[in-house]
Amino acid sequence: MISSRTRRLGWVLLALAGACDRSSHRYDVVDTPDPVPVEAAAPPPKPAPANVDPSGQRLPDACTRGTGRNEEGKCVLLTTRRPPTGEQVQIPAGEFIVGDLPSSYDFRKVIDDPKLLWAGQPPRVVRSPGFWIDVSEVTRAAYDKCIAAGKCTAPVCDPSEALARTPEGARPAVPQTCVSHEQAEAFCAWAGGRLPTEIEWEYAARGVDARIYPWGNELRDEFIAGVMPIDTPIIDLSYFGVRGMGANANEWVAERWDPDAPLSTYVPKGFRRPDGPLLRALGSSPTGWVWKAARVGDRQHSDAADPLRGFRCVADLGADAPKLTVPAQTLPLPIVREVGQQLRLFGGVAEAVDASEALTFCERLEVEALGRTWSDWRLPTLAEIESIAAMFRGPGPFWTAEGAAEQRPPSGQPTADTPWVTVELGAKGAAAARCVHG
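Residue 77 in numbering that gives the first Met the number 0 sits at position 78 of the sequence shown, with consecutive numbering throughout.
Calculated directly from the structure, the hints in this document are not laboratory data.
Please note that a few of the clues may not be correct.
[Said to hold, decoys possible] Computed cross-link-like contacts, PhoX-like style, restricted to lysine-lysine with a CA-CA straight-line distance of at most 25 Å:
1. K427 / K268
2. K114 / K427
3. K114 / K268
4. K427 / K108
5. K73 / K427
[What the hints assert, rightly or not] Label pairs and their in silico Cβ distance ranges:
6. L369 / E167: 54 to 64 Å
7. T372 / K108: 32 to 42 Å
8. R219 / D319: 33 to 43 Å
9. L332 / D111: 28 to 38 Å
10. Q299 / S263: 12 to 22 Å
11. K108 / T414: 14 to 24 Å
12. V155 / P83: 22 to 32 Å
13. P83 / E167: 16 to 26 Å
14. P409 / V155: 47 to 57 Å
15. K108 / A153: 33 to 43 Å
Note that beta-carbon positions come from the ideal geometry of N, C-alpha and C, so glycine has one too.
Can you make the complete structure from the sequences, with help from the hints?
Shown next as structure tokens:
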């Protein structure tokens, strides 16, 4: 901003220059040589708009979600393409946190009914290569084309209840449900792709900021109980702009169900026995395929088609696809936490284990964290649990070095101050296990 004082000074200088002109240019015609002719300078090129690079590629306003970093280190909008079955977006390569953490450590219900309450835990850091993924779920119209081509078979259940709120004319744009895992695989193969792995699905849904749901971290309850057309104006966009991963159909992914796949990152040799409480309840060879839903770190399994379960396809990147990496770093993962003097706590839980499996779980646990490998884990003593109750969390029950313990509040939910007491479960009883180091 030019000050008034500076403006007045400028006018004074201009006036003085004019006065000099009136008294000093009398003989200019004699003293000034003829001008040398020059070619007119070409006008300077117009600068490209701020959001377009020299090649015409639109650039993002910020290097954040929905973008990738190219080989020159510049941020660009994610590439899209349109195969015959719908639009796909290129997911850039990147590192992110996969998995889930329990919201509750109440394992009392598994004592008599062994099962996994939090099958996606614990979280872990993984790296995903880039890939193409469908922006929306495969629709009924797209699946009909596969049937007409003789490469897909008819749906195997009745979706009418899930479609109850969708007008007849809009139903071709609804996700195709009521198909088995095998049928979903057949469609993706016909479309030139495959089902996404669980890692790919979760990465496309979550991105690098460890969000709980595809749209963020707040639970939303305005979505209808059913399926809806993929172009419904809903605010359900993932970190990379993928639609409907939390608010529309549940979705098949590629893997067969393994109850301890998340824990295998930290306990690669396994810890369950065929006659342990969980595998006894599931059968020594659990069956089914993994499917994913709104809480992206969770994982469920089934063998059957369902009116609320659909799918989307992915494809590997070809040599002609630009090499993109995600522009942001993932959040730090405090999987090992210091909870007392020389005592550290592992952030994962082994669910529905007996006393022997609990010991094996801690003995085989190896964790890369804080610049080193942590081994020699063990079950905590009851006194140690009491000393770190706020971080350890209950009510349990959890296996301890002396047996098993849980919190028993007089009424309501336990707090960190609720006393821990020993419980008698027997060697074959089912409880949870958390491990300490130190």
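Do the hints match the structure? See the list:
1. K427 / K268: Cα-Cα ~21 Å, so holds.
2. K114 / K427: 15 Å, holds
3. K114 / K268: Given pair K114, K268 holds - Cα atoms ~21 Å apart, limit 25 Å.
4. K427 / K108: Within the cut-off at roughly 16 Å; holds.
5. K73 / K427: The given pair, whose Cα atoms are some 58 Å apart, is violated under the 25 Å limit.
6. L369 / E167: 54 to 64 Å: For E167 against L369, whose Cβ atoms are near 59 Å apart, the range 54 to 64 Å holds.
7. T372 / K108: 32 to 42 Å: 35 Å, holds
8. R219 / D319: 33 to 43 Å: This hint holds: roughly 38 Å between Cβ atoms.
9. L332 / D111: 28 to 38 Å: Roughly 34 Å apart at Cβ, these two residues keep to the hinted range, so it holds.
10. Q299 / S263: 12 to 22 Å: Since Q299 and S263 have Cβ atoms about 18 Å apart, the given range 12 to 22 Å holds.
11. K108 / T414: 14 to 24 Å: Holds, since K108 and T414 (Cβ atoms, about 20 Å apart) stay within the stated range.
12. V155 / P83: 22 to 32 Å: 24 Å, holds
13. P83 / E167: 16 to 26 Å: 25 Å, holds
14. P409 / V155: 47 to 57 Å: Check passed, 51 Å falls within 47 to 57 Å.
15. K108 / A153: 33 to 43 Å: 39 Å, holds
Hint 5 from the list above is the single one not met by this structure.
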